[in-house]
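Given chain A, put chain B in place with the hints provided.
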Amino acid sequence: MEQPLWEVFIRSRQGLDHKHVGSLHAADARMAIESARDVYTRRMEGVSIWVVESKNIHASSPDEAASFYEPAEDKIYRHPTFYKLPDEVEYM
Amino acid sequence: MRKLSDNMDTEALQKSFDEKIEKDIKIEPKDWMPVEYRKTLIRQISQHAHSEIVGMLPEGNWITRAPTLRRKCILIAKVQDEAGHGLYLYCAAETLNITREEMTEQLLSGKAKYSSIFNYPTLSWADMGAIGWLVDGAAIINQIPLCRTSYAPYARGMVRICKEESFHQRQGFDILLTLSRGSAEQKAMAQDAINRWWWPSLMMFGPPDNESPHTIQNMKWKIKRFTNDELRQKFVDMCAQQVEVLGLQIPDPDLKWNEERGHYDFGPINWDEFWNVVKGNGPCNKERMAARIKAHEDGEWVRAAALEYARKEAAGLTGKQSEKATIKK
Numbered sequence: 018m019e020q021p022l023w024e025v026f027i028r029s030r031q032g033l034d035h036k037h038v039g040s041l042h043a044a045d046a047r048m049a050i051e052s053a054r055d056v057y058t059r060r061m062e063g064v065s066i067w068v069v070e071s072k073n074i075h076a077s078s079p080d081e082a083a084s085f086y087e088p089a090e091d092k093i094y095r096h097p098t099f100y101k102l103p104d105e106v107e108y109m
Numbered sequence: 073m074r075k076l077s078d079n080m081d082t083e084a085l086q087k088s089f090d091e092k093i094e095k096d097i098k099i100e101p102k103d104w105m106p107v108e109y110r111k112t113l114i115r116q117i118s119q120h121a122h123s124e125i126v127g128m129l130p131e132g133n134w135i136t137r138a139p140t141l142r143r144k145c146i147l148i149a150k151v152q153d154e155a156g157h158g159l160y161l162y163c164a165a166e167t168l169n170i171t172r173e174e175m176t177e178q179l180l181s182g183k184a185k186y187s188s189i190f191n192y193p194t195l196s197w198a199d200m201g202a203i204g205w206l207v208d209g210a211a212i213i214n215q216i217p218l219c220r221t222s223y224a225p226y227a228r229g230m231v232r233i234c235k236e237e238s239f240h241q242r243q244g245f246d247i248l249l250t251l252s253r254g255s256a257e258q259k260a261m262a263q264d265a266i267n268r269w270w271w272p273s274l275m276m277f278g279p280p281d282n283e284s285p286h287t288i289q290n291m292k293w294k295i296k297r298f299t300n301d302e303l304r305q306k307f308v309d310m311c312a313q314q315v316e317v318l319g320l321q322i323p324d325p326d327l328k329w330n331e332e333r334g335h336y337d338f339g340p341i342n343w344d345e346f347w348n349v350v351k352g353n354g355p356c357n358k359e360r361m362a363a364r365i366k367a368h369e370d371g372e373w374v375r376a377a378a379l380e381y382a383r384k385e386a387a388g389l390t391g392k393q394s395e396k397a398t399i400k401k
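Chains A and B supply the protein sequences, listed in that same order.
Basically the working numbering = 1-based index in the first sequence + 17.
Basically the working numbering = 1-based index in the second sequence + 72.
Excised from the complex, chain A in its bound form (with noise of 0.2 Å):
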């Protein structure tokens, strides 16, 4: 049988957020996570891992991303640069 596979995130810096690098075969989480570390932060490239089972993982569909993202599409006025101030303002 075959192990469950793990999708893995990292956090490189405290701070930042987890970032998803890869994925991994492991009986459970714990062994997930130390492999994890010895597969993707060789270099220090993490001061904290989550793993997450494939399995559990939900994705929109690439096929619906047209419709999907319609809504955002046509509404400009949600970004600053839509607006035009006249050039007294200042900080803003």
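Since the hints were derived computationally from the structure, they do not count as laboratory data.
The beta carbon of each residue, even a glycine, is placed where N, CA and C say it ideally should be.
Treat each hint with caution, since some may be false.
[To be verified] Computed cross-link-like contacts, DSSO-like style, restricted to lysine-lysine with a CA-CA straight-line distance of at most 27 Å:
id	chain 1	residue 1	chain 2	residue 2
1	B	K111	B	K95
2	B	K185	B	K292
3	B	K384	B	K111
4	B	K294	B	K98
5	B	K292	B	K102
6	A	K36	B	K98
7	B	K306	B	K292
8	B	K185	A	K36
9	B	K98	A	K72
10	B	K235	B	K98
11	B	K294	B	K185
12	B	K183	B	K358
13	A	K36	B	K102
14	A	K72	B	K111
15	B	K294	B	K306
16	B	K144	B	K384
17	A	K92	B	K92
18	B	K87	B	K292
19	A	K36	B	K235
20	B	K95	B	K294
21	B	K306	B	K235
22	B	K384	A	K72
23	B	K144	B	K235
24	B	K102	A	K72
[Claimed, not checked] Sample of chain A residues lacking proximity to chain B, with all beta carbon distances greater than 10 Å (derived):
id	residue
25	G32
26	D34
27	S40
28	Y86
29	P88
30	D91
31	K92
32	P103
33	E107
[Unchecked claim] Quick partial rundown of chain B residues pointing at chain A, CB under 8 Å, derived from the structure:
id	residue
34	Q152
35	Y160
36	R375
37	Y381
Only chain B this time, still in chain A's reference frame:
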């Protein structure tokens, strides 16, 4: 929501794929891709992964006999990196819907190939230098363009690998430089290692362009960015200069700077030898496979025990719940 792909015929999907390739937009695992593109990537990435794993063997051979503690630490770190590189690549290949078990089976049954260079023996300590300088040097030249390959997980793995690989080449050069500045015997040992590893290293780039059937399609798909011969020439040009710093020679009487081409000319490669090693008749093919099979079989009970422990722990049968790994918010 209905899947868009239900409505799109293959032709439209192919067109959208081609446009992405054209615009250098990376292909991610869940994107539609042609069957052949997927097959080619599985073959290439898994072969690459197998090469990293088998590649640990020739160097592992010298860990216990490294001349100093410093060299031993470096060699262990390097071999450990190769294991890591194999794992990054297996993980990239798995995103294409092939399991690790299938890949392992393909390697151990001999169905999948790995780089032929690892079927040559490591006869002296100087071979650790020649492997680092030449074999890893050739690998880097092959791998740098792969950081921009069109399949995103492969490209991401290659970025990580290339960052780590440059220490491998430097430590090899450092070994050869030390030997070449040592006694006459040590210098001769370094030269002997270069003599044996030079031609097999040139073969690492694969058959010449006019005999490489996949090259054109792979370049169209932007899996490859340069042809075998282009990369090989780059490698020869680089080594021809570096060997002078070593005060050693490249074992090729035809190696000569060609002003007109702006490159070094070099002698003919013995492709019969290459194909013979690919077919399994190299000096160490059988030994390498036997070592991999033994490692896999010897590890079987460990994998089974780990899974059984995980099963019992999940069922609350081990009484060690407190040690369970948790992620604290």
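Each hint tested on the structure:
Among the hinted pairs, K111 (chain B) with K95 (chain B) is consistent with the structure: their alpha-carbon atoms are about 22 Å apart, no more than 27 Å. At most 27 Å may separate the alpha-carbon atoms for a hinted pair to count; K185 (chain B) and K292 (chain B) meet this at roughly 24 Å. The suggested pairing of K384 (chain B) with K111 (chain B) is violated, with an alpha-carbon distance near 38 Å, which exceeds 27 Å. Distance check on the hinted pair: K294 (chain B) and K98 (chain B) sit about 10 Å apart at the alpha-carbon level, within 27 Å; holds.
A distance of roughly 21 Å separates the Cα atoms of K292 (chain B) and K102 (chain B); the hinted pair therefore holds under the 27 Å criterion. Proposed proximity of K36 (chain A) and K98 (chain B) is supported: the alpha carbons are some 19 Å apart, at most 27 Å. For a cut-off of 27 Å, the pair hint linking K306 (chain B) to K292 (chain B) stands: about 21 Å separates their Cα positions. For the hint pairing K185 (chain B) with K36 (chain A), the CA-to-CA distance comes to about 33 Å; that exceeds 27 Å, so the pair is violated.
The suggested pairing of K98 (chain B) with K72 (chain A) holds, with an alpha-carbon distance near 24 Å, which does not exceed 27 Å. For the hint pairing K235 (chain B) with K98 (chain B), the CA-to-CA distance comes to about 21 Å; that is within 27 Å, so the pair holds. The suggested pairing of K294 (chain B) with K185 (chain B) holds, with an alpha-carbon distance near 22 Å, which does not exceed 27 Å. At most 27 Å may separate the alpha-carbon atoms for a hinted pair to count; K183 (chain B) and K358 (chain B) meet this at roughly 14 Å.
Between K36 (chain A) and K102 (chain B) the alpha-carbon distance is near 19 Å, which keeps this suggested pair within the 27 Å criterion. As the CA atoms of K72 (chain A) and K111 (chain B) are separated by approximately 24 Å, the hinted pair is consistent with the 27 Å bound. The suggested pairing of K294 (chain B) with K306 (chain B) holds, with an alpha-carbon distance near 19 Å, which does not exceed 27 Å. With a C-alpha separation of about 40 Å, the suggested pairing of K144 (chain B) with K384 (chain B) is violated against the 27 Å cut-off.
For the hint linking K92 (chain A) to K92 (chain B), the alpha-carbon distance of about 26 Å falls within 27 Å, and the restraint holds. For the hint linking K87 (chain B) to K292 (chain B), the alpha-carbon distance of about 14 Å falls within 27 Å, and the restraint holds. Pair hint K36 (chain A) plus K235 (chain B) holds up; C-alpha atoms about 18 Å apart against a cutoff of 27 Å. Proposed proximity of K95 (chain B) and K294 (chain B) is supported: the alpha carbons are some 11 Å apart, at most 27 Å.
In summary, the hint linking K306 (chain B) to K235 (chain B) is supported, as the alpha carbons are separated by about 20 Å, within the 27 Å threshold. Simply put, K384 (chain B) and K72 (chain A) have alpha-carbon atoms about 20 Å apart, close enough for the 27 Å limit, and the pair holds. Under the criterion of a C-alpha separation no larger than 27 Å, the hint pairing K144 (chain B) with K235 (chain B) is consistent with the structure, at around 21 Å. Restraint check: the Cα-Cα separation between K102 (chain B) and K72 (chain A) comes to about 15 Å, which is no more than 27 Å; the hinted pair holds.
At the 10 Å boundary, the C-beta of G32 (chain A) stays outside the reach of chain B, the nearest C-beta of that chain being 16 Å off. The claim that D34 (chain A) lies off the interface holds: its Cβ sits roughly 14 Å from the closest Cβ of chain B, which is beyond the 10 Å cut-off. Not every CB of chain B is more than 10 Å from the CB of S40 (chain A) (nearest about 5 Å), against its label as outside the interface. With a cut of 10 Å on Cβ distances, Y86 (chain A) stays outside the contact zone with chain B, its closest approach being about 12 Å.
With a least beta-carbon separation of about 13 Å from chain B, P88 (chain A) lies farther than 10 Å from that chain, consistent with its non-interface assignment. Every Cβ of chain B is farther than 10 Å from the Cβ of D91 (chain A); the closest lies at roughly 20 Å, confirming the non-interface assignment. No Cβ of chain B approaches the Cβ of K92 (chain A) within 10 Å, the least distance being about 21 Å, so the stated non-interface status holds. Remark: the non-interface label on P103 (chain A) is consistent with the geometry, its nearest Cβ contact in chain B lying 40 Å away (cut-off 10 Å).
For E107 (chain A), the requirement that its beta carbon stay farther than 10 Å from each beta carbon of chain B is met, with the minimum near 40 Å. Because the smallest distance between the Cβ of Q152 (chain B) and any Cβ of chain A comes to about 7 Å, under 8 Å, the interface hint for this residue holds. Taken as an interface hint, Y160 (chain B) checks out: its beta carbon lies about 6 Å from the nearest beta carbon of chain A, inside 8 Å. Proximity of R375 (chain B) to chain A holds as hinted, the smallest CB-CB distance being about 7 Å (cut-off 8 Å).
Satisfaction of the interface hint for Y381 (chain B) is found here, the shortest Cβ-Cβ separation to chain A being roughly 7 Å, below the 8 Å cut-off.
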